[in-house]
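Participant: Chain by chain, the residues:
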Amino acid sequence: MVNTPKDLGSAHSGFKDWYWQRLSAVVLAALLPGVFILLWSVYTGALDQFALLDWLDSFVSRLLHTLLIIALIIHAYMGLKIMIEDYVHAGLRVLLIATMLVMMSLFGMWWLALIWAWGG
Amino acid sequence: MAIKQAPLSPRLSIYRWLPGMVASIAHRGSGIVLVLSVPCYLWILHGMTGSPQDFEEAVTLLHTPLGRLSLWLASVALIYHFCNGIRFLCLDAGWGESRGMMRGSARVVISIAVASAAALGVLLW
Numbered sequence: 001m002v003n004t005p006k007d008l009g010s011a012h013s014g015f016k017d018w019y020w021q022r023l024s025a026v027v028l029a030a031l032l033p034g035v036f037i038l039l040w041s042v043y044t045g046a047l048d049q050f051a052l053l054d055w056l057d058s059f060v061s062r063l064l065h066t067l068l069i070i071a072l073i074i075h076a077y078m079g080l081k082i083m084i085e086d087y088v089h090a091g092l093r094v095l096l097i098a099t100m101l102v103m104m105s106l107f108g109m110w111w112l113a114l115i116w117a118w119g120g
Numbered sequence: 001m002a003i004k005q006a007p008l009s010p011r012l013s014i015y016r017w018l019p020g021m022v023a024s025i026a027h028r029g030s031g032i033v034l035v036l037s038v039p040c041y042l043w044i045l046h047g048m049t050g051s052p053q054d055f056e057e058a059v060t061l062l063h064t065p066l067g068r069l070s071l072w073l074a075s076v077a078l079i080y081h082f083c084n085g086i087r088f089l090c091l092d093a094g095w096g097e098s099r100g101m102m103r104g105s106a107r108v109v110i111s112i113a114v115a116s117a118a119a120l121g122v123l124l125w
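Going down the list, the sequences are from chains A and B. Residue 116 in my numbering is what sits at position 116 of the first sequence, and the numbering runs on without skipping anything. Residue 42 in my numbering is what sits at position 42 of the second sequence, and the numbering runs on without skipping anything.
Chain B on its own, in the form it takes in the complex:
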């Protein structure tokens, strides 16, 4: 096949680490985490809407170390993806497109994610 070695676009290893680039990569990373969280959410929802015993089991499952870790990871990913998604929508609408604004807003969303990761960590443990 002649086209099999067509170049793949984002060459992660040669990018300079700048806030905008980190925000973009983290958006993809958190997106993958969120896709993987959907089956877990469904499982929990299935338990919570079942019999009272099912509900108890689902809540107990959420409180196990693995449950807490999953809840923490999914929540931080959701908060980050939500904030950066709004940032992306603003950029698409033409707001804050200057280099300085893009770096500044990237720093803001990353800071929100780090702060919420710490706050939820305290809440969970």
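So here's chain A without its partners, still in its complex pose:
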């Protein structure tokens, strides 16, 4: 039975992937409950637009949302990459991962633009 790994593997990137997956998970676990509560408060009518913007339209909120986007992209990228590596054969794999990365970058940029622009 091997209790301690001998090294970090031939590519030296597996451990880094593992580490970033967990680090981003902790950030998301801290930030996502807030998003969940805000969205449900709007759905139930507990928050109207002014009350919602009171929460969203501040520098701290924008910084937290930016952190959320970064953590979300890292986490989703790592997670989907692992799934693609597990279920998809080599040739198509590269194309899928590349497409995913481009899509996520575009969404990330749109989201950042949205967050830093609202409320005037």
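Honestly, the hints are just simulated from the structure, not real lab data. Heads up, some of the hints might be wrong.
If you want the footprint, here are the derived chain A segments under chain B, 3+ residues with CB under 8 Å [what the hints assert, rightly or not]:
(1) 32-41
(2) 46-53
(3) 58-64
(4) 78-91
(5) 102-114
Beta carbons are placed, not taken as given, at the ideal position from N, Cα and C, and that holds for glycine.
We have chain A already, so just place chain B on it with the hints.
Facilitator: Just chain B, lined up with the frame of chain A:
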């Protein structure tokens, strides 16, 4: 290409259905649902932070049957992924690694997800 038929790791069809395995597969499934929910969240956020009319439209959209179903699916996926993610972090930290504990905690997170699915279903309909 010599390596093109390298084996793919999780052979879903030959796994025995045990709580830990279900929790792991469900983590992947809920993860995919959550990735697909992000564009929807952005669209809603875009509406909610726009003009008052945009806000009204976004809230109305959320209340349509499709909006409710999406909200339900994304919420259940988030709650499950959150709870099981904390379970995974605990396992990585070395807590609850025994077979009995892993099965027990898997049952707990699956139960939380089922209970929240029922509760949110009641709340939405």
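Participant: Indicate, hint by hint, whether the structure satisfies it.
Facilitator: Going down the list of hints, with the structure as the test:
Requiring three or more residues with a Cβ within less than 8 Å of a Cβ of chain B, the coverage given for the segment 32-41 of chain A holds, as 6 such residues are present. With 3 residues bearing a CB less than 8 Å from a CB of chain B, the segment 46-53 of chain A meets the requirement of three and the coverage assertion stands. Given a C-beta distance limit of less than 8 Å, the hint that chain B covers the segment 58-64 of chain A is violated, as 0 residues qualify and 3 are needed. For the segment 78-91 of chain A, the stated coverage by chain B is satisfied: 9 residues place a CB nearer than 8 Å to a CB of that chain, which reaches the threshold of 3.
With a cut-off of 8 Å between beta carbons, the segment 102-114 of chain A has 4 residues touching chain B; three or more are needed, and the interface restraint holds.
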